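J.: Chains as they are written, first to last, in the working numbering: chain B, 9 to 232; chain V, 9 to 232.
Quick caveat, the hints were computed from the structure, so don't treat them as lab data. Since no wrong hints were added, every one of them can be taken at face value.
Chain B residues, not near chain V, derived (Cβ > 10 Å throughout): (1) 38; (2) 91; (3) 191; (4) 200; (5) 213; (6) 216.
The following label-pair restraints were derived from C-beta to C-beta distances: (7) B/215 with V/16: 40 to 50 Å; (8) V/202 with B/31: 42 to 52 Å; (9) B/69 with V/216: 43 to 53 Å; (10) V/186 with B/31: 39 to 49 Å; (11) V/116 with B/121: 51 to 61 Å; (12) B/35 with V/138: 27 to 37 Å; (13) V/181 with B/220: 26 to 36 Å.
Computed from a predicted structure; not experimentally measured. The C-beta atom is built at its ideal place from N, Cα and C for all residues, glycine as well.
Number of protein chains: 2
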Amino acid sequence: MDKIRVIEVKESVFKNNNEHAALLRKKLKERGTYLLNVMSSPGSGKTTTLVNVLGRLKERFNIAVMEADIDSDVDARTIANSGIDSIQLHTGGMCHLDASMTEQGIDNLNNKNYDLIILENVGNLVCPAEFDTGSIKNMNILSVPEGDDKPLKYPLMFEVCDLVVINKIDVLPYFDFDVEKAKANILMRNKNAKIFLISAKTGEGVPELVEYLANEIIRFKTEE
Amino acid sequence: MDKIRVIEVKESVFKNNNEHAALLRKKLKERGTYLLNVMSSPGSGKTTTLVNVLGRLKERFNIAVMEADIDSDVDARTIANSGIDSIQLHTGGMCHLDASMTEQGIDNLNNKNYDLIILENVGNLVCPAEFDTGSIKNMNILSVPEGDDKPLKYPLMFEVCDLVVINKIDVLPYFDFDVEKAKANILMRNKNAKIFLISAKTGEGVPELVEYLANEIIRFKTEE
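Chain B extracted, bound-state conformation (with noise of 0.2 Å):
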């Protein structure tokens, strides 16, 4: 395979993080590209979720994946060999991404025609929620083994997301996770919040996941 193209973003020499955010979702509104800010903990299976998702996205859809990261580039050859575009964005220690960052790296992208460009953010509970990045919605992954409290340890990361995927339900029997409580805890941050579960091993509750997005992107890129 091709060398994976990496991409050394620096800090905004914008004051205003939320002013340039909003105007890269115009940006990306006019060019019919739904941005979606997918954050979790390390370890929590982002990538083979989005291996596993977007595998089953990309003949209908024009997919890039921005895979940001301390130092490595593990993560985007793992997204290149499935087939999808993806480049690496080095945050030079920084733990999270900013709307600049974010627009960095769309700018290095093969094209301006995608669809749906997924940023996957720095494996961080804390700071990348503090940030908005430019996405149309944010989405948080929440493995099983870590616990069904973390939205009461990590409030502001709950409040800001969207979309909470409930990750490695196959191994449900092995921890003491209890989803009903797990649910009522990002409700608590989020009323509005979209819950779902899913194994990325197994496939269980993935094509849900896979529908609801399909939909997202079409309503999105048809909606005034």
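Got chain B sorted already, so can you dock chain V onto it with the hints?
T.: Coordinates of chain V only, in the frame set by chain B:
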């Protein structure tokens, strides 16, 4: 039980964190207090590990735990319920602790005669690694569900850790986690890292970790 004491720690006024950390380390050495900085991803089992390990050390040593969190007190409550002195440090949204913040916590503990103070850092593999807290040793808890590739993706974290505890080994059969690969990845980042395999849930491997820490504390208190 008593109400959990919550300390709102402020960012350092010192320009040079490394200098401050060295001063704090010297002060702790004079008191005979071993400060262990525990870092990990959210949900790796830090608190469960501490309850299990400290439960076996508390008859022999005077112990306190400082729980750093964005803004909950779930973990401090769990530790306090197990009969160990515990305070909660709120970082006001910041994703790390520096030496000054750590010292503010220590100054708020009940007494100055602890043999062991545990700093349970914010659950995050990025920012906490960047700041010397003044600790004697740094420990990382890497849980099996997170994957054996974490040292590849969070290099600095594993470079600064003297001690890596691989937790949740009871679920090894259900995950693609290669213990030998994990060990090799850890040692690639720090060839002197001590590695322990445990299940905080079943107690497997915990006695070896407890003995290691007990010896560390005794050596620290008796050496010149």
